[in-house]
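K.L.:
Each chain, letter by letter, is given below.
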Amino acid sequence: MYFLLALINIRLQSMNFDIDLNFLTSIWPVYFIPCGIVILYLIMNPEKAELWGSILSRLIAFFSRKAERRSVSGDIQGRLNSFVKKYQADDVLPYGLRFKWVTNSNFESFVQNGEVVVIMNNHQNNARNFLNALIAWTDQGLLPQVKNFIPNEIMQATELTLQEKIIQSQRSDALKIFRDEILPTRLNNFSGTAKYKDKLSNLDRTGYFDTIYLSELAFAGGRLQDLLLNEVMTELNSFIEFLERLADRDPIDDTTPLSIKNTVFKVSVVIVAKSFIILTRGIGPYVNRIKNAFTEKQDSIYVLIRKPNFTFVDSLIGKVEEESNTKKIWKKEILMMARKIGKSNAIMCLFR
Amino acid sequence: MQSSYKKVLKAIHTYDLEDILKKFNQYEDLIEGNLHCWICNDVVTLQNIGSIKFIDSKLMLSCNKQVCYEQAVKELK
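Just so you know, the protein sequences line up as chains D and A, in that order. With this note's numbering, the residue at position 267 of the first sequence is 267, and numbering never jumps. With this note's numbering, the residue at position 32 of the second sequence is 32, and numbering never jumps.
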């Protein structure tokens, strides 16, 4: 830094400006520390950098085609990558998205024979641009290792439910276009899609769609390839039904099954909701339930913690990791909808 | 962690469309309504163009109807 300031000083002196080096060195923290913090934040959050780049580009988009293109792509890339980060959905959508703009001058070098290139509109139509990019992105990048083993109607319903969730979260002004123009056509592409879309949207409302359904498809869905089509349908229907019953469960009902053990999906759910258990017996009973589930060779244990038990989350995770040969894969704060409780915040952890 | 690999979406901004179509001598045809969607065969105009497919030094165009756009997207590499 001193070297840089010395160079600046020499340069200024050669231009007949006499600047006091000591003055510059005394004030540099005032400028460089905040700048450093901002730069560090943007490096740690590249999706935010993309969004800010897009906003800045929009200011000069009227004068520059490059800025206009950047304003379109930065906005879309930033929003989609933000979604993946926010929902920790990297197993479900493992690839980010990057635009490559084709222009008159780079056409030959960028576009190969037989290749399709999509058209994007002015940034003022970015809601529609966002939808077009989203459709292309999820078509290519949603559950790429698994999608071919999932029947069309269920895959289509899964994709539509996820797209709707992404739009609600990142670009709610595009929701009307999606519901009016895109959804009706796509629900009719394969018979049965509408039925599954309803089921999955309900799972989304109740908090089990991206957390358990998508997460398990990404993890265990590959095993579907070893099954016959009717077995695949049975597996998936039974898994969806398990989640539906869980979503519809009365908080004081102890009869709803909290685990499923089929050929493909081997999942247990542990619900930490009753405060008096923790207050009287500590976290021990829950740790034991989690350990028992692994002893029974379940693949994934989802622990759902409802208010007011949030303070026990970290000690529960630590105890489970300490006493069993499992690892916490993720911890998410989610918004759930449950009977008699309504909307409420919860924490969900996945152990495998 | 999300893979550092990113799906590349090749795109043409509508601002650049005219130049590209002129380069391939298809701008006049587009304006005159002589170009058709390679999927549904509807007439493609500057207002409803959805994607371009480049085949043997020629451009094939598709319209922006939802069905056609989705069909085109399935062919993305």
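Hint data in this document are derived by calculation from the structure and do not stem from the laboratory. Careful: at least some of the hints might be erroneous.
[What the hints assert, rightly or not] Pairwise CB distance ranges (calculated):
(1) A:VAL43 with D:THR256: 35 to 45 Å
(2) D:SER191 with A:ASN48: 25 to 35 Å
(3) D:GLN225 with A:GLU28: 49 to 59 Å
(4) D:PHE62 with A:GLU28: 43 to 53 Å
(5) A:VAL43 with D:PRO257: 51 to 61 Å
(6) A:ASP42 with D:LEU175: 53 to 63 Å
Yeah, the Cβ is synthetic: ideal placement off N, Cα and C, and Gly gets one too.
K.L.:
Between GLN225 of chain D and GLU28 of chain A, does the beta-carbon spacing fit 49 to 59 Å?
P.N.:
holds, 51 Å
K.L.:
Using the Cβ atoms, figure out if VAL43 of chain A sits within 35 to 45 Å of THR256 of chain D.
P.N.:
violated, 57 Å
K.L.:
Does the beta carbon distance between ASP42 of chain A and LEU175 of chain D stay inside 53 to 63 Å, or does it fall outside?
P.N.:
violated, 27 Å
K.L.:
Taking the beta carbons of VAL43 of chain A and PRO257 of chain D, is their distance inside 51 to 61 Å?
P.N.:
Holds: the Cβ-Cβ distance is about 57 Å, inside 51 to 61 Å.
K.L.:
Go ahead and decide if the range 25 to 35 Å is satisfied by the Cβ distance of SER191 of chain D to ASN48 of chain A.
P.N.:
With a Cβ separation near 29 Å, SER191 of chain D and ASN48 of chain A satisfy 25 to 35 Å, so the hint holds.
K.L.:
Would you say the C-beta atoms of PHE62 of chain D and GLU28 of chain A sit inside 43 to 53 Å of each other?
P.N.:
At 28 Å between Cβs, range violated.
The structure is inconsistent with the numbered hints 1, 4 and 6, although it conforms to all the rest.
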